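J.: Just so you know, the working numbering puts 89 at position 84 of the sequence shown, and the rest follows in order with no gaps.
These are calculated hints, taken from the structure and not from any lab test. Since this is a predicted model, take the numbers as computed values, not measurements. Note that the Cβ used here is the ideal one computed from N, Cα and C, for glycine as well. Just so you know, not all the hints are guaranteed correct.
Claimed, not checked - Computed list of lysine-lysine pairs in DSS-like fashion (alpha-carbon distance at most 30 Å, straight line):
#1 LYS306 / LYS185
#2 LYS86 / LYS110
#3 LYS270 / LYS218
#4 LYS93 / LYS402
#5 LYS86 / LYS51
#6 LYS311 / LYS185
As the list claims (entries may be wrong) - Pairwise CB distance ranges (calculated):
#7 ALA52 / GLY222: 48 to 56 Å
#8 LYS185 / LYS51: 49 to 57 Å
#9 GLY205 / ARG288: 17 to 25 Å
#10 ASN35 / ASP313: 24 to 32 Å
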Amino acid sequence: MPVRALAFVGLVAVSAAAAGNDWPRWRGPNNDAISTETGLLKEWPKAGPKVAWTAKDLGSGFGTPSVAGGFIYGMGTRDGKDGVWAVKEADGSPVWFTPVADARKANQNNGPGGTPTVAAGKLYAVTNNGTVARLDAASGKVEWTKNYKKDFGGSDPLWGFNDSALVDGDKVICSPGANKAAMVALKADTGEVAWAADAGTIGGGAGYSSPVKHAVGGVPVYLLVTGETAGLIGVRPDTGKLLFQYQKPKVVFGGVAQIPTPVVKGDKVFVSTAYDGGCAHLRLVPEGREKVAVKEVKSWKGNRQKPDPPMNHHGGMVLIGDHVYFGSGQNNGVPTCVDMNTGDIAWQAPANLPGGAGSAAYLSADGRLYVRYQNGLMALVEPSPKEEGFKVVSSFKLPTPQVPRGTGSESWPHPVIANGRMLIRDQNVLYAYDIKGE
6 MPVRALAFVG LVAVSAAAAG NDWPRWRGPN NDAISTETGL LKEWPKAGPK
56 VAWTAKDLGS GFGTPSVAGG FIYGMGTRDG KDGVWAVKEA DGSPVWFTPV
106 ADARKANQNN GPGGTPTVAA GKLYAVTNNG TVARLDAASG KVEWTKNYKK
156 DFGGSDPLWG FNDSALVDGD KVICSPGANK AAMVALKADT GEVAWAADAG
206 TIGGGAGYSS PVKHAVGGVP VYLLVTGETA GLIGVRPDTG KLLFQYQKPK
256 VVFGGVAQIP TPVVKGDKVF VSTAYDGGCA HLRLVPEGRE KVAVKEVKSW
306 KGNRQKPDPP MNHHGGMVLI GDHVYFGSGQ NNGVPTCVDM NTGDIAWQAP
356 ANLPGGAGSA AYLSADGRLY VRYQNGLMAL VEPSPKEEGF KVVSSFKLPT
406 PQVPRGTGSE SWPHPVIANG RMLIRDQNVL YAYDIKGE
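All chains should be modelled from the sequences, with the hints used to inform the complete structure.
T.: In structure tokens, the structure reads:
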């Protein structure tokens, strides 16, 4: 039976569709790290926007929260168990916590890093040991589970499993990173396997990236950056048939850091990995309904010792107009801009934003970029395809977390903007900032 942090009766059922300006899954409503909010503050007070509330004792973890139907959901480790929690969006008060699986016993373990996906009143979450669970969003009750290792033959990547499930109609798309199951589709109601996509041998276990759905020339495809030798794969949604595979080991893919979600626009895809990886700008060309040709436009190998040539480690990449913005470098966040049409590097700043250090997580809302650095700097930035136009409008330092930075429990969750508030998770705590303009 689920263990609850608070007895709760009469919770209104979460609606099937995201309401208002909710953030029901990883990278938001359209899986692109762009908020639909408008009318936000054009600049912040020196100390930062007003803190509406702070939620505490969420459990260790670096997963980004999701927001739907008046509630905020996230993942954390409590008392040796990875679980899912819910708090009220209005005031951050606890609603329930459900343990799902034993916490992973490993040196490299910061707690769960995935984001719960909310769809039709249900939650879908992946724990650090690879347990996929469907929970009732109102009660937190577990309705079914599958495990990447036990059920699909997956193996632990160094940092455990940290993907976020993609819910597409009646299917839940997950990323076990196994040799016969690089990607799988589960039936949402039962957890039964609809199909498993075979992408050949996958060295190093699963990647840390999450699947995204796109259509190229009318051909729908699920895209995923998987383990270090399998590269970027494209899978047909109805059958799991492999439509294409782009591999460039030790140049674009390699090491232990296949993390960022691919950025897509039309027939173009931009991917990045770190450590022994780099970046690639690709063009997809449908060849009937059963095959897609992938053509490399540009690629370059990154350098883990410096941010040039560019590569995004983690923190994600955001497409605004025709340009991709991200922080470049291994555990670094040097602002970088790439032309999505050509793959050319439009510009790269000489250093991090003033006061920023470590990796930088990017989000876009109301025409601005929200950049959260690993050391706790939060910046509001005016984006521009020209470096001289890329300007910090406001910045402030986030509060010191309950778990100090630099102890293996880092400040990595991405910002979330939903319903007039900016949500910042920092391990065991969650801050809600009022950012709606007058």
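J.: The structure should be examined with respect to each hint, and the outcome stated for every one.
T.: Taking the hints in turn, this is what the structure says about them:
For the hint pairing LYS306 with LYS185, the CA-to-CA distance comes to about 28 Å; that is within 30 Å, so the pair holds. Annotation: proposed proximity of LYS86 to LYS110 holds, straight-line Cα distance about 11 Å (limit 30 Å). Between the alpha carbons of LYS270 and LYS218 the distance comes to roughly 11 Å, so the proposed pair stays at or under 30 Å and holds. Our distance criterion of 30 Å between C-alpha atoms is met by LYS93 and LYS402, whose separation comes to about 25 Å.
Proposed proximity of LYS86 and LYS51 is contradicted: the alpha carbons are some 39 Å apart, above 30 Å. With a CA separation close to 36 Å, the supplied pair LYS311 and LYS185 exceeds the 30 Å bound. One distance hint, 48 to 56 Å for the beta-carbon pair ALA52 and GLY222, holds here, with the actual separation near 50 Å. Checked against the given bound of 49 to 57 Å, the beta carbons of LYS185 and LYS51, roughly 55 Å apart, stay inside it.
Under the hint 17 to 25 Å, the C-beta atoms of GLY205 and ARG288, about 23 Å apart, fit the expected range. For ASN35 and ASP313, the Cβ-Cβ distance of about 31 Å falls inside the hinted range of 24 to 32 Å, so the restraint holds.
In the structure shown, a violation is registered for the earlier hints numbered 5, 6, in ascending order.
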